[in-house]
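Enquirer: What follows is the residue order along each chain.
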Amino acid sequence: MKICVLALASVLAAWSAAAQQHEPARVGYTAVQAARENRDEPYFDTALGDVRNALEHLGYDTYRYLTSGSIRADYGQEAELELTDRYTLHVTPLSKERDGRIRAEIRVTKQRDERDEDGNPIRVNALRTTSRLVPGDELCLGAFDLDQGDLVIVLVMGAG
Amino acid sequence: MDRCRWAKTVEQWFDEGMTPDTPAARHAAQCASCVQTLAILEQMREGAQITARREAISNSQFPAFMEGIREGIEAAQAPAWHFNRLWTLSSVAAAALIASASLFAVFTGERGEVEGSVVESYSTDLENADVSSYSTENGTTTVWVTTAEEDLW
Numbered sequence: 003m004k005i006c007v008l009a010l011a012s013v014l015a016a017w018s019a020a021a022q023q024h025e026p027a028r029v030g031y032t033a034v035q036a037a038r039e040n041r042d043e044p045y046f047d048t049a050l051g052d053v054r055n056a057l058e059h060l061g062y063d064t065y066r067y068l069t070s071g072s073i074r075a076d077y078g079q080e081a082e083l084e085l086t087d088r089y090t091l092h093v094t095p096l097s098k099e100r101d102g103r104i105r106a107e108i109r110v111t112k113q114r115d116e117r118d119e120d121g122n123p124i125r126v127n128a129l130r131t132t133s134r135l136v137p138g139d140e141l142c143l144g145a146f147d148l149d150q151g152d153l154v155i156v157l158v159m160g161a162g
Numbered sequence: 046m047d048r049c050r051w052a053k054t055v056e057q058w059f060d061e062g063m064t065p066d067t068p069a070a071r072h073a074a075q076c077a078s079c080v081q082t083l084a085i086l087e088q089m090r091e092g093a094q095i096t097a098r099r100e101a102i103s104n105s106q107f108p109a110f111m112e113g114i115r116e117g118i119e120a121a122q123a124p125a126w127h128f129n130r131l132w133t134l135s136s137v138a139a140a141a142l143i144a145s146a147s148l149f150a151v152f153t154g155e156r157g158e159v160e161g162s163v164v165e166s167y168s169t170d171l172e173n174a175d176v177s178s179y180s181t182e183n184g185t186t187t188v189w190v191t192t193a194e195e196d197l198w
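Chains D and L are the protein sequences, given in the same order.
Here the numbering used here runs 2 ahead of the position in the first sequence, where the first position is 1.
Here the numbering used here runs 45 ahead of the position in the second sequence, where the first position is 1.
Bound-form chain L, shown alone (with noise of 0.2 Å):
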């Protein structure tokens, strides 16, 4: 449909309260385009009216409103760099000591937990003599030649 060369009177009609009696008025009331155009502005404004409805903030919920108000600007205050360095830092750090540990354990191995001296064998080559073994409670470890009749040698 063509636009009337009213359109413009009549959106302004139509914002200052649509005042009956006037040109705009009466122009609108015959022309079949303005009345269309009227109502698209009708539909808007509605429209309009719903999605600009205020959200209260009641006194409890404006500490968490400020808090995330505090941390929009902190965050666009952080600047990138700092990130970046950071992660390059703790990668760097973590490979390190990933490296370390696996060479500790090459060179060095697994360690167990020591249970004490052990002896594994004893003998001796005198006469009528015999060799024990045995261990004491503070972690001495004593080998004991006992010898039966006076040594031959």
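This is chain D alone, in the form it adopts within the complex (with noise of 0.2 Å):
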């Protein structure tokens, strides 16, 4: 009896770490607008106190808050995530790795003011990367042309 209470045991254990690879991935994002303003201390606006040690490197002086947010994606299945009106973040979780990294596709499109001859906006890749994340780890992916600065992106992963 004990016997097959611990074999179900370690079958219910194995099965949970299984599973485990297929739950959905994390995606964290943060957009901010950085710019050169010719302060004598860099400015960080309130709400990006969670990113900002990503972002100090960078060298702007002004770093302003745009948009953020999280969301579950599933391995294989793109989430498409719009930042600023011209541009979009596409993330791909593509696998777990072993040691726990998670691989992913990431693109960061740019809608070009033309448009195709059926009408729609036309999107071009300003970005395309792949890249085996630590979980919790900040990826920062820039600097894309955005009004009188640039836009930064930092882009956190996790388990789901």
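Take these hints with a grain of salt, some might be off.
[Claimed, not checked] Covered by chain L, according to a simulated footprint, are these stretches of chain D (three or more residues, beta-carbon under 8 Å): (1) 73–82; (2) 124–138.
[As the list claims (entries may be wrong)] If we take Cβ atoms under 10 Å as the criterion, some of the chain L residues that face chain D in the derived model are: (3) T96; (4) W189; (5) A193.
[Stated by the list, open to error] Some residues of chain L that are not near chain D, with every Cβ distance over 12 Å (derived): (6) R50; (7) A70; (8) E91.
Hints listed in this document are in silico derivations from the structure and should not be mistaken for laboratory results.
Just so it is clear, CB atoms sit at the ideal spot from N, CA and C, and this is done for glycine as well.
Could you use the hints to bring the two separately framed chains together as a complex?
Expert: So this is what it looks like as structure tokens:
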């Protein structure tokens, strides 16, 4: 009886470990407008407190919060996140590595002013990268022309 | 050799200290069988005296002596089923541990040490733009697009 209970517990534990492989990945993002305004001290919007460390090395002196969010993305499925009226972030979790890192394809697309024959806006890949990310570590993407500054995106991935 | 009918009397005379000038003493002096019996009895007495030598326990040996007695008492009091059950539980626990470790290794694989985030590839479709990648000391990985001229699109 005891052996049966232990065997069942072992199977459940193994099933749980295997199930974690298929849990959606969590994608956290923060969009920032970075600019150089000749300040004596760098300025960070208060909403950027969590990502300030990831931005400080970029060399701008002004960092303004644009938008942020967190979504769950299934492996193999592209999640589309509109950041501004021109830029969209696309994240496709590809696999979860044995060491815990999440392999993902990340694109930042930019909408052109022109439209195609059907009148739809034309989008191009401003950046396309495939990376293996340590859950919780920040990936900084930039710099994309935006008004009087640059768009910078801080991306964090984790288990769903 | 046949046993002499005086044998029991002679044995008793031997046990009582072999008093001289008694009927048993006089008979023993004449009977070859009883002489042989007395010789055997004498050998047995000497042997018994050797083995009967008592070991003395000194004061310094007494604690160890008592410890040995206590261990003997406790071992005698411990029920056999207790050890059997302990062995059974230990065996089941060890088997479960091995099974769990094996299943965990099979389903999760060996995990190496995570060095950090790695950028495998990067590119851009923007004209006159380059992409580079680097990591900072605080663990932030950066993929950066540098546009040499104003983006034509």
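Enquirer: Hints numbered earlier in the text: which of these fail when held up against the supplied structure?
Expert: 1, 3, 5
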